[in-house]
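Protein chains in written order, with our numbering: chain A, 1 to 314; chain B, 315 to 475.
Source of the hints: derived by calculation from the structure; they are not laboratory data.
Quick caveat, the model's predicted, so the values are computed rather than measured.
All residues carry an ideal CB built from backbone N, CA and C; glycine is no exception.
Simulated crosslink set (EDC-like; lysine to aspartate or glutamate; CA at most 20 angstroms straight-line):
(1) A:Lys149 to A:Asp268
(2) A:Lys93 to A:Asp156
(3) B:Lys348 to B:Asp383
(4) B:Lys348 to A:Glu202
(5) B:Lys348 to A:Asp204
(6) A:Lys93 to A:Glu105
(7) B:Lys348 to A:Asp130
(8) A:Lys149 to A:Glu50
Covered by chain A, according to a simulated footprint, are these stretches of chain B (three or more residues, beta-carbon under 8 angstroms):
(9) 335 to 349
(10) 387 to 393
(11) 432 to 446
Facing chain A, a subset of chain B residues (Cβ under 7 angstroms, in silico):
(12) Leu369
(13) Phe373
(14) Leu381
(15) Asp383
(16) Phe399
Below are the chains, spelled out letter by letter.
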Amino acid sequence: MGQDSSPLFAGSTGTLRLIGYLALAMVLMVLDHRNGWMWRMRHGAAVVVEPLYRLAGLPVEGMRTLSVAFADRRRLTEQNQRLREDLLLANAKLNRMAAVAEQNEHLKELLDTQRSLDLNVQLARVVGVDLGAYRHRLLINMGARDGVKPGQPVIDAHGVMGQVIQTLPTTAVVMLITDPNNALPVTVERTGLRVIAYGSREGDRLVLPTIPMAADVQAGDRLLTSGLGGRFPPGFPVGEITHVAPAPTGMFLEAQAQPSADINRSEDVLLLHDQAEPAGPPEPVTPMGPPAGLAPAASSSAAPPPRPAQGGRR
Amino acid sequence: MNRQRLGMWWFVGTLVFSLLSMLVPLPDVLEPFKPYWPALVLLYWSLESGDRVTLGLAFAMGLAADLLDGVLLGEQALRLTALVFIALRFRSRLRFFPIWQQTLAVLALLLNDRILLTIVRVFAGDALPPPIWWVSPFVGAALWPFVFLLLDDLRMRLRLQ
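The following block holds chain A by itself, in its conformation from the complex (with noise of 0.2 angstroms):
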């Protein structure tokens, strides 16, 4: 029996080729899985993929410019007296706030922590393009070259909305909050009891699963940003509960939250640029030793410097 002739080594379809490929693919997606490879080899072809990305942005953009030219004067008008009024009362309660936050920075000063209040943000535009079903992402049109870097929170008008997770040149890759594999320390407003906010598998909220039994949550709370792990601010609005019940396993509840952000409907986002200080003990003060003339030659090919941290739980 000849392999050769038999139908399954036959052609350029053979079995064999097939073998090898998927061998291939799978080498590929077990090496990229284990030390992130893509982000390399993407950051080497942005040249080609950032163009492509407006060219496939185009038609979301258009459809922007679109509904801009072709609505009607009077819904643009009342959207102008609406966002007239929001802008009233913003800047009436930031008049307000503004006494109070000099006192507390006031306080704070005596206190002698470092956190200020102060927004350091940069304006960014998403780029309307699908990355992939149901991941939950976006592409905003700032990138490196902006000084935008893995790790930034990225906030709109109404709460937190997810964090850079990779950067191109000229564009960057951010987790939205409801990404399954995002998880965000938070606290309940009313309460103050700290939890942990994961996306959803749906995409569209938050889920608490790990409730104590006896905390009280209620529908209806605010959960903040908690400033643990050191990524987000704290104090940003992050969701609201919308139901709270025991986890099937009987341990805890289990809470779902709508986030208070527009995830889906943002057009323009803030990144910040301050990020919260880490918590935890202080970074080790660098020893003392003799001047940098005086240093053997040796010691200036120190060790390279570490890796950045990779955002979320990827």
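Dock chain B against chain A, hints included.
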């Protein structure tokens, strides 16, 4: 000669276009129903011009798609290679099926593709997708006759190979 080159460009153009349409988002409501365009276009070409579509091409295209959507390098390469392999293996039969039978075959191929994808994602440690996620292959199969006729018609009109 020129016509042949034009045919080649048309071939490459449809493949690139299918990758782009993979990236273009649909409105929120329709999002789970989005068909897997690269698979549909690759299927068309593997039925119509089987000598141009090889496993290597499917693999390369899958890699390109992986680079674009940035999930896991090799995932779509694996899926598209498996899909094209089955299509090429049964090409002589599939080509002469009436269109409704072909549609059923495409449905089976797309479902198989989704199963592969689920297996890969579960191995990579992801949560299982929600049930509505399984609608996409049906939408893809329902669109198949139109994709097929449209691409065929355009090719006839342009008198390309």
